[in-house]
Structure formats: C-alpha cells, structure tokens
Amino acid sequence: MTVFLIRRLLQSIVVLFVMSLIVFVGVFAIGNPVDILISPEADQAERERAIRALGLDLPLHQQYLVFLRKAVTGNLGESFVFSESALGLILKRMPATLELALAAMVLAVALGVPLGMWAGLYPDAASSRTIMAGSILGFSLPTFWVGLMLIMVFAVMLGWLPSTGRGQTGTVWGITSSFFTVDGLRHLVLPAFNLALFRIALIIRLTRAGARETLLQDFVKYARAKGLCERRVIFVHVFKNILIPVVTVLGLEFGGVMAFAVVTETIFAWPGMGKLLVDSFNHLDRPVIVAYLLLMVCMFIAINFLVDVLYSVLDPRVRLVTRGT
Amino acid sequence: MLQHSASVLLTVLAVVAAVFPAAAQDEIIIGLGADVTSADPHYHNLSPNNNLAIHVFDRLVHQDERQGLIPGLALSWRAIDDTTWEFHLRQGVRFHDGSPFDAQDIVSTLKRAPNVPNSPSSFGLYTKAIKEVIVVDPYTVRFKTATPHALLPNDLSSINIISRKAESASTADFNTGKTTIGTGPFKLAEFVLKEKVVLTRNDDYWGLKPDWKRVTFKLITNDSARVAALLAGDVQMIENVSTPDIQRLKANKDLALFSAVSNRVIYLHLDSNRDQAPFVTDKAGKPLAKNPLKDVRVRRAMSRAINRPAIVDRIMSGAAIPAGQLLPEGFFGVSPNLKPDPFDPAGARKLLAEAGYPDGFRVTLHSPNDRYVNDEQIAQAVAQMLTQAGIDTRVEAMPSATFFTRATKLEFSLMLVGWGSGTGETSSPLRSLLATYDRDKGTGAANRGRYSNPKMDALVAQALVTVDDQKRAKLLAEACEVAMNDVGIIPLHYQVSFWGMRKGLTYVPRADEYTLAHLVQKSKGN
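First to last, the protein sequences are chains Y and V.
The numbering used here puts the first residue of the first sequence at 1, with every later residue one more than the last.
The numbering used here puts the first residue of the second sequence at 326, with every later residue one more than the last.
Just so you know, these hints were derived from the structure itself, not from any lab.
Ideal Cβ positions, reconstructed from N, Cα and C, are used throughout, including at glycine.
Check each hint, because a few of them may be wrong.
What the hints assert, rightly or not - Where chain Y lies over chain V, by a calculated footprint (3+ residues, C-beta under 8 Å):
| id | region |
| --- | --- |
| 1 | 445-453 |
| 2 | 713-726 |
| 3 | 740-753 |
Take the sequences, apply the hints, and build the full model.
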C-alpha cells in the first residue's frame with residue numbers, strides 16, 4: 001500500500017510539471033493576452049506598459065521560471081483579468097461547480113442504475129426498449145440544445161423553475177450550499193438535470209450490459225442452484241459485479257463533470273469554475289488556465305486513487321499491494 | 326379533511342410567497358451580456374467595468390446618449406490659454422459616506438487613475454496630457470498640458486472621480502466595496518465576480534433621482550440564455566439582444582425594445598502600404614509582382630463590390646446601418662459629404678481592369694469569430710461579394726485571442742475589424758486606425774493596414790490642438806474625407822444596439838452601448 005502511494009505521488013508530480021509546461025507553451029502559441037485585454041484606443045507606449053505590468057516582456061522560459069519559483073511556494077500567480085490570486089479565484093467558484101456536479105451524479109446514479117437494471121433483467125420488455133431508445137437520445141442530443149429547451153419549457157412556457165443563475169445558499173454544519181434552501185434547489189434542478197442527461201444514458205447502458213453479462217456467469221447459476229432467493233441473487237451477487245465498470249466510469253465522469261461543466265454553466269449562467277476556464281481561454285488569462293488545469297490534474301489523480309481503492313473493496317480479485325518481484 | 330388540505334395548501338402558498346417575493350416595485354433586475362471584471366473604476370479600461378463605474382461614480386464631464394459632453398461634477402470648463410484648462414466644480418456634492426466633494430478629490434483621482442498596479446489597460450491614456458493639476462480654490466481646478474490639448478474635456482469624461490480617501494486603495498479594496506465610494510446615483514451593495522452586482526440608490530444624488538431603490542445586474546453572457554431570462558421574467562431588462570431574437574421580441578406584446586445606432590463601425594482593413602502582402606496572390610496562387618491593395622483603384626473597387634444593404638438586411642436582421650465613414654451622422658467630426666459607397670459590381674470590375682487586374686487576384690480575408698455581432702457571417706458574405714467581382718476571397722475566421730495578436734504583428738492582408746469610438750468623436754479612429762504608425766507620437770497604434778497620408782496626419786494633428794469646437798469638427802471632417810477618398814479602410818456598417826425590457830419600462834438607448842439603470846424608468850401615465 002505504501003509503495004503504491006509513493007509511486008502514485010511521484011507520478012503525480014511529474015504529470016503536474018509536464019502539464020504546466022504544456023499549458024505555458026500552448027497559451028503562448030495562441031496569442032498575446034495584452035492584445036485582448038488592452039483598450040483599442042491605447043497607444044504604443046500604453047501597450048508596452050501593459051506588457052511589462054503583466055510580466056510578458058520577459059522571454060518565455062524566464063516567465064516560466066518566475067512561475068515555477070512562485071509555484072513551489074504555493075503561489076500560482078495573479079489573474080491578468082481580475083488582478084486576484086488565480087487559485088483563490090478558482091477555489092471561490094468551486095463549491096458552485098461541486099454542488100452542480102454532485103447533484104448531476106446523484107441524478108445519474110439514481111435514475112441510471114435502476115433503469116439499466118430493469119433493461120438488463122427484462123431485455124425484451126417494451127418498457128426496456130423504451131428505456132434504451134431514451135438513452136440513445138440522452139447520448140446524442142447536444143447539451144446546449146437540451147439546456148435551452150429545458151429553459152424554454154420549464155422556465156419560459158410553464159414558469160415552474162427559474163431560468164438562470166444560482167439561488168440562495170444556506171449554511172449547514174459550516175457548509176454553504178444551494179442544497180439547503182428551496183430557492184437554491186429550484187435553481188439547481190434544471191442545470192443538474194441537463195448535466196446529468198448524458199451520464200444517465202451512459203449508466204443505463206453500462207448497467208444493462210453488465211447485468212446481461214453477469215446473469216449468464218457460473219456464479220449466478222451456482223447461487224441460484226444453492227437455492228438463494230432471486231432478490232438476493234440479483235441485488236447482492238449480480239449487482240456487486242455490475243458496479244465495477246459503473247464505479248470506474250462514475251469516477252472519470254465526475255472528474256469530467258467537475259472540470260468541464262462549461263456548456264451547462266454558460267447556458268444557465270451558473271457561477272462555477274467551468275465558465276471561468278473558458279472565459280480565461282478567451283482572454284488568454286494564463287495564470288488562471290495554468291492554476292485550473294493543475295488543480296484538475298490533482299483532482300483526477302485523487303479520483304483515480306479512490307476508484308482503485310473502491311475496486312479492491314468491490315472485487316476480491318483486485319489487490320492494491322504490488323507483490324514483491 | 327377538506328378544510329385541512331386547504332389550510333395545508335394555504336401554508337404551502339404562504340411559504341412559497343415568502344421564499345419567492347414578487348419583485349418589489351422599486352427593484353429591477355437587469356441581465357448584462359459581458360462580465361464585469363472589477364469594481365475598481367481605474368483598474369481596467371473595459372466597457373463592462375466602465376458601465377458599472379458610471380453608476381457608482383461621477384466624472385467631471387458626462388456624456389449624453391449621443392456622447393455629447395454635458396456637465397458632471399464640473400459645471401463649466403474653458404481653455405484660458407493654449408495649455409491651460411479651467412474647470413469649475415459643482416458645489417454641495419457629497420460622497421456616499423457623507424464626506425463633501427471638492428478639488429482635492431480630483432487631485433487624488435488623477436494620481437491614482439494612471440497608476441493602478443497590474444492594470445491590463447490603464448486610464449493613463451486619458452490623463453497623460455496633463456502635466457500639472459492646480460487647485461485654485463476648492464471649487465476651481467486648472468489643468469496644465471505640455472502642448473495644446475483640445476480633447477481634455479473628452480478625456481476627462483472617462484475618468485471616474487474617487488474620494489481622496491481611496492487614493493492609495495488597492496483593486497481588492499474596491500472589489501470588496503470597502504473604498505468603492507463615489508458620488509454617483511447608486512451605491513455598491515454587493516459585487517460577486519462573474520455572477521452579479523447589486524446597487525442601492527443614493528438618495529442624496531445631485532442629479533436626477535433614479536426610479537429604483539435596488540438594482541441587480543445579473544451577468545448572463547450567453548445570448549439565448551439572456552433572452553430566455555427576460556421571457557421567463559427572471560430579469561426585467563436585458564442588453565445586447567442578439568440579431569436572431571430581435572424579430573421575436575418585437576412580436577411579443579409583453580416586451581418593449583429600444584435601439585440606438587452605436588459608435589461602433591465594422592470595417593475592412595487593407596494592407597495598403599507594403600510592397601508584398603502575405604495573403605495576396607494571383608488566381609493560380611503565385612505571388613504577384615506588386616501588392617494590388619496599394620492601388621487606391623483596387624481598394625475602391627473592393628468597396629463598390631460590397632452590397633452593404635444586403636449585409637444589413639440579411640445578416641444583421643436590420644440591426645445595422647450601412648457605413649460610409651468612421652462614425653454615423655450626428656457625431657462630432659463626421660463629414661456630411663461622405664456616403665456609403667454604392668453597390669456597383671460592374672464599376673468595380675472596371676476599376677480593377679484600369680488598375681491592371683482585369684482577371685482579379687486572390688486574397689484571404691481574416692476575421693474574428695467571437696468579437697463583433699455576426700462577425701464571421703459578415704466576412705463570409707463580403708468574401709462572396711468580392712469573389713463575384715473577380716477577387717477570389719477565402720475567409721479564415723479565428724477566436725479574437727489569436728486574431729488580434731496576429732493582426733497586430735501585420736500577418737494579415739485583409740481583415741474584418743470593428744472600432745468603437747469611446748470619445749464619441751472621429752479623432753479616436755483617425756488617430757488610432759488611420760494616422761501613420763508612429764511609436765513616438767503614439768499615433769496609428771491600431772493601424773494594422775499601415776495606411777499613411779501626410780495630409781491627413783497634418784489635419785488630425787491640427788484638430789487635436791484646436792480648442793474651438795466648430796473649427797475642430799471641420800478639421801476632423803476634412804481628415805475623414807481625405808482618409809475615405811483614399812479608401813484607407815472600407816467601412817461596412819454601424820452596429821445598432823438593442824435593449825429588451827418588460828412593457829411599462831422605458832430606456833434612453835445610448836450610442837456608447839452602456840446599460841445605465843438610472844436611465845431606465847417606469848413609463849408614466851399609462
């Protein structure tokens with residue numbers, strides 16, 4: 001376990017280093033932030049002043065060294081656009097994205113797993129065919145279009161739910177979140193569902209495939225032969241085995257939802273981090289882009305680690321120890 | 326039982342009503358289309374930030390809806406000699422914290438405005454002409470300039486006056502609201518980055534009292550989402566209605582639309598000064614002996630090959646006006662003699678033949694795809710029109726992050742760009758877009774085609790030192806005529822901006838595209 005941890009940690013540091021280098025060179029190749037940020041009416045002297053003020057007058061490798069020197073002390077630089085700490089800017093917006101991602105994943109599991117199980121257990125039923133057809137729609141409809149349709153139907157035509165923005169937040173046990181107020185939840189429903197739709201479809205299909213495959217395996221036959229009741233066979237033996245691919249995908253998708261919820265956040269004017277990232281790209285706000293992507297790398301590493309641990313709990317064949325070779 | 330469920334229902338309704346109070350009569354929620362990046366009025370010279378600052382702060386000189394200059398914190402101003410301007414200040418004005426306003430606040434403001442650390446675009450642009458500020462008495466200030474500077478009142482209409490207490494405040498102090506204390510019609514109540522700004526009325530405002538006790542600006546940058554928010558009633562007003570939605574909102578009986586022609590001209594910039602243009606070749610793709618865009622006949626041919634009314638009608642859904650110069654008529658320093666070039670494909674071909682290109686040539690039109698209203702579609706339409714006239718034109722559209730860097734490096738030969746005149750008069754585009762590129766004089770900084778005509782340079786330079794408004798307007802108009810007759814740029818159209826709002830509200834639509842809550846009123850007497 002310790003060896004496993006240390007190896008993971010070393011890998012992570014290399015990944016972070018490479019990532020920051022790629023982003024630095026990448027943003028440099030796209031363009032000069034000053035050309036975007038400066039007032040068009042500025043003259044040449046003002047342009048040069050702005051370039052110096054943002055530290056862009058140095059050659060790229062020196063800019064990178066300046067960044068590294070600050071980064072090892074935990075300072076990832078200040079946003080060009082907002083003149084605030086890049087990391088602080090991102091962390092301030094993380095709760096909004098986190099709650100959106102969480103709500104979406106809960107929806108995805110709560111709807112996806114039961115529907116997928118149903119479709120897997122009764123593959124020929126009309127209801128199952130309907131579920132599968134629905135999942136194809138969930139896969140193929142573009143998120144921004146579904147989002148706009150949700151707004152049109154539920155906010156504009158029916159007027160049941162608010163169209164955009166994050167609602168009031170409440171504080172419970174020191175955690176401030178939309179989950180704790182009615183207004184907050186009302187604002188959360190549409191964006192969470194929009195974000196969840198693709199994942200619901202994905203989990204339905206995974207669960208169904210898993211169920212179909214597992215039902216044919218020997219241990220299921222054996223469990224039945226042992227005279228276990230059908231409920232126990234399905235909900236303990238089959239279910240546990242289905243969960244392995246589902247957990248993998250959930251882990252990856254949760255990361256993806258966190259990092260790139262940008263379409264949903266933009267359409268619903270949700271004040272999360274995804275929108276910050278895209279706007280930062282548009283403004284070439286390099287400190288924010290670098291800080292964001294580094295943070296995401298850390299998150300993916302953590303999620304993958306968690307998934308590995310979960311495997312070992314779910315599947316007795318998986319062990320985290322690396323056997324001595 | 327029935328009674329019981331009725332009372333439950335009532336309770337639920339009461340709870341619902343308590344949680345979602347109907348927007349009070351003197352509150353308004355406005356959907357803005359671009360992010361306000363700071364509440365510091367001097368940090369970043371950026372329209373959305375200036376838009377917010379106008380609510381909280383005053384300037385010495387204000388701009389009316391057509392960007393004419395009107396008294397703000399200064400009641401009057403005049404040039405007392407070639408290099409000295411004298412401003413008489415409004416008396417009895419108080420800051421939001423109750424402290425009185427006087428000349429010392431002007432001194433503090435002018436110290437801070439050009440020197441905010443890390444500013445990506447500073448206000449030094451508007452203060453650099455001032456060499457010295459002399460306080461004559463608490464309500465009289467003189468500004469000394471090194472050289473005669475006719476545009477000082479225009480420049481000062483962009484500088485928001487802060488309290489002397491905030492002279493050394495940081496941008497963070499303004500963002501938290503600690504030092505965001507102005508004399509303007511609203512006080513800053515809450516500023517949440519990339520989400521919303523909340524303002525409350527300044528009941529002691531010296532000017533017209535706003536109709537709204539509380540104003541919330543929601544930042545909804547997606548065009549469709551902003552319209553949806555208006556339709557759903559989540560906001561009462563939105564700015565920047567996108568062109569596909571204009572007709573739909575017009576047809577909606579619950580909504581009203583207000584529009585005004587803006588100070589933004591969309592134009593083509595041409596590589597008109599180099600012997601070799603990187604993206605111009607003959608029709609087989611081989612380099613040409615010389616750069617055809619250097620020839621004024623070719624440039625005029627291109628201008629005549631463009632069907633401006635068709636672009637306005639089909640692509641802009643009518644939300645534009647064909648352009649023949651740098652600013653629409655009625656603005657300061659425009660020429661009454663300049664009209665949009667007529668659509669004349671035959672004449673264009675003839676001009677091309679005269680210039681020695683009877684078979685035309687090939688060119689790439691570069692355009693941003695996220696900067697101006699329908700920018701890429703306009704570029705596509707222009708390319709087709711030029712191709713019809715014999716100039717094979719390909720379009721390459723890219724995000725503005727890449728576009729402006731490459732354009733500034735002079736990598737393009739023909740590009741679609743826009744120019745909004747912040748000062749509302751023609752010296753702004755003349756100086757930046759058309760004057761000869763000269764680092765030391767600070768002219769031609771945005772002249773990405775490197776057009777140059779000494780006659781025009783001289784006219785502009787003279788205008789900038791001519792304090793007399795009428796004479797200056799005439800000189801600027803003349804300079805416009807010289808530049809347009811040279812086809813230094815090809816103007817396409819002026820954008821028209823639209824504001825959508827609930828019926829019963831009125832707005833004074835503005836040329837500077839600002840959305841100002843104190844100009845939103847409940848319509849009276851209906």
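Now the hints, each set against the structure:
no. : hint    : in the structure
1   : 445-453 : holds (count 5)
2   : 713-726 : holds (count 3)
3   : 740-753 : holds (count 5)
The structure shown violates none of the earlier numbered hints.
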